[in-house]
Amino acid sequence: MKYMFLIYLDDAKFAPMSQDERDGFGNAMLDYDDELRASGNYLFSEPLKMPNEAITVRTWDGTLSTTDGPFAETKEHLSGFHIIEARDLNEAVALAARMPLARVGSIEVRPVGHLERIEK
Amino acid sequence: MTMGAAASTASDGLIESAYREHSRKVLATLIRLLGDFDLAEEALHDAFVAAADRWPREGMPGNPSAWLVSAGRFKAIDKLRRRARFNAMEAEIADQLTADAEEGEDMEATSIKDDQLRLMFTCCHPVLPQPAQVALTLRELCGLTTEEISRAFLARPPALAQRIVRAKARIREERIPYEVPELSALPERLDAVLRVIYLVFNEGYSAHSGEALTRTDLSGEAIRLGRLMLDLLPQAETMGLLALMLLHESRRPARTTPDGEVVLLANQDRTLWDQALMAEGFDLIDRAFATRQIGPYTLQAAIAAVHARAGTAEDTDWGEIVGLYDVLMRAAPSPVVRLNRAVAVGMRDGPRAGLALVNGLIEEGNLADYHLTYAAQADFYRRAGETDAARQAYERALALALQEPERRFLQQRLRELGDAP
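Chains as they are written, first to last, in UniProt numbering: chain A, 1 to 120; chain B, 1 to 421.
Below 25 Å or equal to it, Euclidean Cα-Cα: the simulated BS3-like pairs (lysine-lysine) are:
(1) A:Lys2 / B:Lys168
(2) B:Lys168 / B:Lys113
(3) B:Lys79 / A:Lys2
Keep in mind the hints are simulated off the structure, nothing from the lab.
In isolation and in its complexed conformation, chain B is listed as follows:
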């Protein structure tokens, strides 16, 4: 990641590392103080240009974030005054910003920290379409470039750039307040934030299509955002989501072979699972359960934890998993949860029991174009010894799967069944 012109003039990487460490915090505060994304981004850039000029000569200030905020703020006021020749509005804004600055509007460390939380809620505001929420969060809070985000989501850069431009215009037009929502609106608004973080994680964990099964960078960003949210607003579901992501992340080294082939949970080398991430996940689940406000992320994390605690695939407590899915079905019912529950029932009570549930789902028209439905169905048929039915189901799954490693896995399973009679 480059920060452009300012970094290229710095001889020693001092500014580059300061940018990595401080730019997101400083941007969040500048957006609050200046009330405008684009003006704040410009001010951030100018603040780093000033830092590149002065820090190497004068030394780094004691509080670099506060220095950058204050430099950026005055650069912005300056710019507005110069532009005021063409636009009287900008003169008014400049006067207002100067007055705010003279009042010494608070720049306490705690309020600077909360600015990132405010920015998170603004980027994930429900008036914005969800793809725009994701793009804004990654660009403004994580500091990814438009081009990096478009690569990660297989979108064309101009389409993604326009999504961001429109989202910012929407925030301006609708005067979306830059604040942490009040308590009554918090659960719903927090849910939107957590959903965006989980989407980013999943995009990184299992690419929708194409060659790469794992895109570590996006998952890493999602975990970073999860930790930030936990630090700023420690709610039960934030703990649950972070635990869920950490437990999935802990299996990353075992999920694929060195050639990039899929390894199913049952066949993974469990000694490769990251123990430190697992321990952190377990601890977060305990903390979330202790609040007695148990939501869908915490329940999914608890299910992942049952797998994580099993020394071998055979030791898995499927009864416990079915029980957790029953609770999850009451908290957040969905066809995907039903499918996962069916798989767990099939593991607990045998393939016929699982098959009855999966076939029921398909007959109701749920998940009829989801490749994993047929992969589950095929697996039950295979275990029940119904080879022909298994072959047909694998073929349907294969016709719907987009991701290369998953496709290769399904093809392998088909070959293992042998030729059709």
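Looking at chain A on its own, in the form it has when it is part of the complex:
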């Protein structure tokens, strides 16, 4: 089964950290990816740039509208994701619990779905 880890972080938690500490998290995340690759659980992962670099697009009523930033303002923002292969939800939870960023942020574990074409 495929699962997505959505990594939510709160900038306020990183603000008081030294640059060394922040770099430490980055390196630990790369080590974690290597561990997931070695165990065969890894499929894909990327960090995301800050929400102030994002733009939200809608074409409701056929008109293009764009707004700055993400849909809703929350303290925590989506800052990266992993897609992994695990035996079941509990294995996915165990893998997410070992992610270094789980110590400061929140990891949402979501089963990946499958969209079927409906033939009419």
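Based on the hints, put chain B in the right spot on chain A.
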């Protein structure tokens, strides 16, 4: 069932079948050696990744279980050492595990076999809530996935996943020992294990609500666990429980019509009953009685055996069944046993006798919201010719029944009574 990434890299299904055959035994031993469920599961996974890499090239080792245990154990130590950069505790654990491994802590075949028994007692430890015992047993001993268990119990997967996470945390925090309980505590602890197995069986045999009356997979797992327990710890009640499950299972082909409608025991085509399962059940009951330690499961199995031995419903020895219920009432009294005894008395002495007992139960406030109480009451009224009272009782049963096939059966009975005057 998939085992995830490791299996998908194996070209020939060799690893997939090795996983089915060995993973539960290997996991149980890794939990003992590593002292932690999550670390052991990770180690199991890594051991199969290593096997998928090496077995196709080097051939399968002579003793695959021992190979997997040893590979998993060293992978775990390795991992702890790498993680020790962040957590000094993990370095200590790794040192301890290395020392254990160098001492050559026993990996004899017999001790590996006993590990599954230890795991069974840990999963069914009384500090865990019963739903957690059931979920852990199915996941760790039977190898079902969280998603499969949640489907079987009509629970949401995140709720079930958290139940398992909390149970494992509890085992860690309370330092629940990983062992077969000593003799003085054995009867009580064994009872908890057997109760979990019976719950799994019943969940598979008669779904609590919804469309499917039988969920063969869960019943099959329960019987497998029953056989495992019998093999590892042959106690009288283990024999009784396995016999009870086998005798119920033997009737499965006759319990429903091809359209999924309920067929009552009295109306079942007895030639469809599985003779091999019945013979195995009879043999187990004899063995259990020979121990002279006769408990509630053995008695229930003996009652099921009286039905199984009757060539037709009319040949049923109801006197014998009432007698067994009398013993069961002394060994493990409960309102449900009383209800079942009332039904047997009604069959032996006529509907009025049964009715008096069922009405007594209801008047005492027992089982007043249990659909089968009213179904039994309705059946007695019907046989006594009291159509109006029967109609009312069927309607009450119908209002309480959740399962579609049972509901359709009750509706059919109502129609047969004809319209209300």
